[in-house]
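There are 4 protein chains.
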Amino acid sequence: MVNRQIAVIGGREEPESVLAVAQKLGMEIGKRGLILVCGGMGGVMEAACRGAKAAGGTTVGILPVSGLDQGNPYLDIVIPTGLGDARNAVLINSVRAVIAVGGRYGTLSEIAFALARGLPVASISSWEIDPAVYPARDALDAVEYVMKRM
Amino acid sequence: MVNRQIAVIGGREEPESVLAVAQKLGMEIGKRGLILVCGGMGGVMEAACRGAKAAGGTTVGILPVSGLDQGNPYLDIVIPTGLGDARNAVLINSVRAVIAVGGRYGTLSEIAFALARGLPVASISSWEIDPAVYPARDALDAVEYVMKRM
Amino acid sequence: MVNRQIAVIGGREEPESVLAVAQKLGMEIGKRGLILVCGGMGGVMEAACRGAKAAGGTTVGILPVSGLDQGNPYLDIVIPTGLGDARNAVLINSVRAVIAVGGRYGTLSEIAFALARGLPVASISSWEIDPAVYPARDALDAVEYVMKRM
Amino acid sequence: MVNRQIAVIGGREEPESVLAVAQKLGMEIGKRGLILVCGGMGGVMEAACRGAKAAGGTTVGILPVSGLDQGNPYLDIVIPTGLGDARNAVLINSVRAVIAVGGRYGTLSEIAFALARGLPVASISSWEIDPAVYPARDALDAVEYVMKRM
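Chains as they are written, first to last, in our numbering: chain A, 1 to 150; chain B, 1 to 150; chain C, 1 to 150; chain D, 1 to 150.
Hints were generated in silico from the structure; no laboratory data involved. Treat the hints with care, as some may be off.
For identical chains, the list gives no copy identity; a pair is met inside one copy or between any two copies.
Quick list of in silico lysine to any residue cross-link-like pairs, SDA-like style, CA-CA up to 25 Å [to be verified]:
(1) Lys31 - Gly106
(2) Lys148 - Leu119
(3) Lys31 - Ile129
(4) Lys148 - Gly42
(5) Lys31 - Glu128
(6) Lys148 - Ser66
(7) Lys148 - Leu68
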């Protein structure tokens, strides 16, 4: 079995246009039978999960907090790590590729962990601090880029 | 949605009789539509996952190691935390009830975390160090005990 | 250099008689030039640190919370892990021996991690769930027991 | 008591010129009575600890691995977390300011966590991905910058 877990990362507070990209990303991931792994909270994470569920996909939330009920309502599997910021490392350990949408320093830490592991990373309106990060045009471009490299 | 994640914990090296109980436990969990969460490695964890998959259930492995390919072959979702022993706390944070089968000190630490959180805990051939741990007769008894209290 | 870090573990809420034992323990540890490592919070942890500082020793607190100012006032070094319960594993990884004074399930999880690592463990009014835990008569007996085995 | 813990972060493999800066940094930190906190391994971490000890300072290593003997030889306090990459978050939680010297993606993740917490960050030959990171001329400039803001 080839593990097909892929992360969508990004901020909790983003404008509608960014959330729309995240939702589209979730749909593209869900309809391809990939498993969407995210931080499980609101904003980009929730929008991506909503999209994945609409497309019949599976969602996993790896939360920084410790309550099973503290994730967004579109999670099939909830992992409330209780680890705070350290959960960002656990999240990146759990995937074969990463797509970043918006986000600030938390997202940057996750991109850094992904690059340290040599994972393919695509970015939409997010950090492009390194040639190893692919600046994707849109959701479809990002998914196709990482799928070829997983 | 009510979260239905339940943990089966126990040792990596156990006699066949204990593994048979773990497999039966996995089947009872799987056929009830509960999600089986475990440490994702061999022994009791693998036997329980095999049982859950045979019954059409869903399995999640929260590994102490950091490789996506290091879990047992019956995992639907793999969370390779890379946290070592600290993953035991993450595992217990992720469930509403715990069933222990055999196991040694690692299992004891998980039972302790579960009791600290006030979760229902059933034990089969495992630690019964506290009145709060229910000494179950068999797999069915254990599942029925914790389901009533989740 | 031989690492001389030793843990005192135990509950946040304990009667005066138990806190007095913890303080004595801290003094015995401090005057021997051992480094006292603990969970950094109140109760047994604070009493042991107070004793160690009174004897001119060094104290380290490995906190479950993430604030540098959230530990007890007798800490020389503060490690606010932000890991919640998972910090118990980090604490036990950081020492060569463990002395438990009182405590409940959190303390039990730490004893379990210590036994899993094969560390010497002495217990005063705490869990004695295993022949590998030495039931010490008092603070002096506990310190002498673990020092011979570090 | 004002907590005076400060982090030096950076790569395990760096040219001699970068290690010399790290050692100078350790000396400046040690002679000011600040406590040097680092990842505890080789390269920049070891050079900084060597400098701090030469100046009579105190050093703390927060290791990704789980062995008490796996840190560099200049550590007064060893915290072998066993957390892998997740220890980067614990390290940043433990300080009031961060100075980065060289380094790659692991260092970037730590800078990201520091910015997320609003800590002062100075960089020497390291990532300057954000206006919030101060590009220091040398060790002395970096220490003076962060000390004013701790």
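Hints, one by one, checked against the model:
Neither within a single protomer nor between protomers do Lys31 and Gly106 lie at most 25 Å apart by alpha-carbon distance, with minima of 28 Å and 34 Å respectively. In this assembly of identical chains, the alpha carbons of Lys148 and Leu119 lie at most 25 Å apart only when taken from the same copy (12 Å versus 39 Å across copies). For the homomeric pair Lys31 and Ile129, neither the shortest alpha-carbon distance inside one copy (30 Å) nor that between copies (35 Å) is at most 25 Å. In the homo-oligomer, the alpha carbons of Lys148 and Gly42 never lie at most 25 Å apart, since the shortest distance is 29 Å inside one protomer and 32 Å across protomers.
Taking identical chains as interchangeable, the C-alpha atoms of Lys31 and Glu128 are never at most 25 Å apart, the minima being 27 Å within one chain and 39 Å between chains. With identical chains, the CA atoms of Lys148 and Ser66 are at most 25 Å apart between copies only, with a shortest distance of 23 Å across copies and 35 Å within one. Taking the shortest alpha-carbon separations for Lys148 and Leu68, only the inter-copy value of 18 Å comes in at or below 25 Å, while the best intra-copy value is 34 Å.
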